[in-house]
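Just need the whole structure built from these sequences, with the hints factored in.
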Amino acid sequence: MKFRIYRYNPDTDTAPYMQDFELSLEAGDAMLLDALMLLRQQDDSIGFRKSCREGVCGSDAMNINGRNGLACITALSSLKQPIEIRPLPGLPVIRDLIVDMTQFFKQYHSIKPYLVNNDPPPETERLQSPKDRLELDGLYECILCGCCSTSCPSFWWNPDKFVGPAGLLQAYRFIADTRDQDTAARLDNLEDPYRLFRCHTIMNCVDVCPKELNPTEAIGKIKDMMVKRAV
Amino acid sequence: MVNRILTGAHYGLRDWLVQRITAVVMAIYAVIVVVYLLMQPSFGYDTWAELFSGNVMRTFSMLFLLSLFYHAWIGVRDIVMDYVKPASIRLLIHVLVILALVVYTIWSVQILWGL
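In order, the protein sequence lines correspond to chains A and B. Its first residue numbered 393, the first sequence is counted upward by one per residue in the numbering used here. Its first residue numbered 4, the second sequence is counted upward by one per residue in the numbering used here.
By construction, these hints were calculated from the structure, which means they are not laboratory data. Ideal Cβ positions, reconstructed from N, Cα and C, are used throughout, including at glycine. Take these hints with a grain of salt, some might be off.
To be verified - The calculated label-pair distances, taken between Cβ atoms and stated as ranges, are:
#: 1; chain 1: B; residue 1: F46; chain 2: A; residue 2: S469; range: 54 to 62 Å
#: 2; chain 1: B; residue 1: M4; chain 2: A; residue 2: N510; range: 33 to 41 Å
#: 3; chain 1: A; residue 1: P481; chain 2: B; residue 2: S45; range: 33 to 41 Å
#: 4; chain 1: A; residue 1: R621; chain 2: B; residue 2: P44; range: 48 to 56 Å
#: 5; chain 1: B; residue 1: I82; chain 2: A; residue 2: E609; range: 22 to 30 Å
#: 6; chain 1: A; residue 1: Q520; chain 2: B; residue 2: V98; range: 47 to 55 Å
#: 7; chain 1: A; residue 1: D599; chain 2: B; residue 2: Y48; range: 43 to 51 Å
#: 8; chain 1: A; residue 1: W549; chain 2: B; residue 2: F63; range: 31 to 39 Å
What follows is the structure, given as structure tokens:
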């Protein structure tokens with residue numbers, strides 16, 4: 393199998409370059425991450441992040457044949473060769489496939505990703521009805537891998553001001569939570585031409601999400617709530 | 004002035020909503036005009052002149068054009084916000100676009116009412 397991998401080590405390289413690799417391996421059931429692990433036996437300088445190797449931790453997000461995805465759940469058999477692997481677009485490269493996600497997490501933290509409830513804590517947990525709990529499906533599953541935000545042109549142009557699809561999906565996750573009491577402040581926080589309204593419904597986020605979530609729909613629901621509040 | 008990331012202008016919803024509403028106005032107008040013209044047995048200067056002779060058509064055409072201008076303002080501003088980084092140049096472009104659209108509005112009135 394043929395691979396082309398983006399290489400860049402800021403300590404020794406003046407510019408990034410693509411390096412070709414070859415691996416004698418039957419695709420079978422193997423995932424791209426398996427191949428990367430084998431390639432690292434050939435060349436132990438290839439830098440990439442990984443942890444759970446089963447699509448739960450979100451560490452090994454990368455750009456695979458031009459499309460963002462998780463290496464650990466992308467089957468080798470589904471990929472056209474040579475398999476071109478690059479770091480997530482739009483974020484500063486630390487080394488090879490490892491990107492600096494500071495900006496991404498800054499945006500995530502800016503939406504207060506935690507429940508705000510000023511009532512005294514009850515003896516047991518704060519309960520929800522099954523119907524209310526259902527609202528959180530399709531929202532809470534996000535693993536913050538960054539595939540969506542780094543495939544979003546609006547996030548490329550304004551990563552410092554636009555919250556991005558991942559952050560906005562999480563913003564709606566807390567707006568939709570019946571136990572949260574901060575809805576008005578959360579909507580105020582997003583009522584801004586940059587923070588929310590940079591979304592132009594391009595829907596790259598929906599296309600690439602490895603967990604098959606729909607940030608565009610969540611963003612639409614936030615807009616709906618703002619309209620309801622304003623009229 | 005300190006160099007901070009500045010957000011929180013607290014507008015956005017209105018423009019976004021206005022852009023949707025103006026799109027609907029333009030779509031309805033376009034469909035009506037196209038259907039009307041297709042229903043005419045012959046199509047020439049006379050049909051066109053007759054269509055725009057009444058004040059109702061002129062008023063709705065003006066409404067269509069105002070929708071178009073407002074829609075275009077939000078769209079162009081969005082593009083400028085995405086691609087032009089220095090705030091001073093952004094402001095300059097905004098002013099030029101607004102001035103152009105005001106001129107277009109006056110021009111539209113002149114054309115529609117034959118002033």
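Here's how the hints hold up against the structure:
The hint said 54 to 62 Å for the Cβ distance between B:F46 and A:S469, and at roughly 58 Å that hint holds. Restraint check, B:M4 to A:N510: a C-beta distance of roughly 36 Å satisfies the suggested window 33 to 41 Å. Checking the proposed 33 to 41 Å range against A:P481 and B:S45 shows it is violated: the Cβ atoms sit about 56 Å from each other. Checked against the hint of 48 to 56 Å, the pair A:R621 and B:P44 passes, with Cβ atoms roughly 52 Å apart.
Between B:I82 and A:E609 the Cβ separation comes to about 25 Å, which falls inside the hinted range of 22 to 30 Å. Here the CB-CB span from A:Q520 to B:V98 is close to 51 Å, well matched to the stated 47 to 55 Å. At about 49 Å, the CB distance of A:D599 to B:Y48 agrees with the hint of 43 to 51 Å. Checked against the given bound of 31 to 39 Å, the beta carbons of A:W549 and B:F63, roughly 37 Å apart, stay inside it.
Violated hints amount to a single one, hint 3; each of the other numbered hints is respected by the structure.
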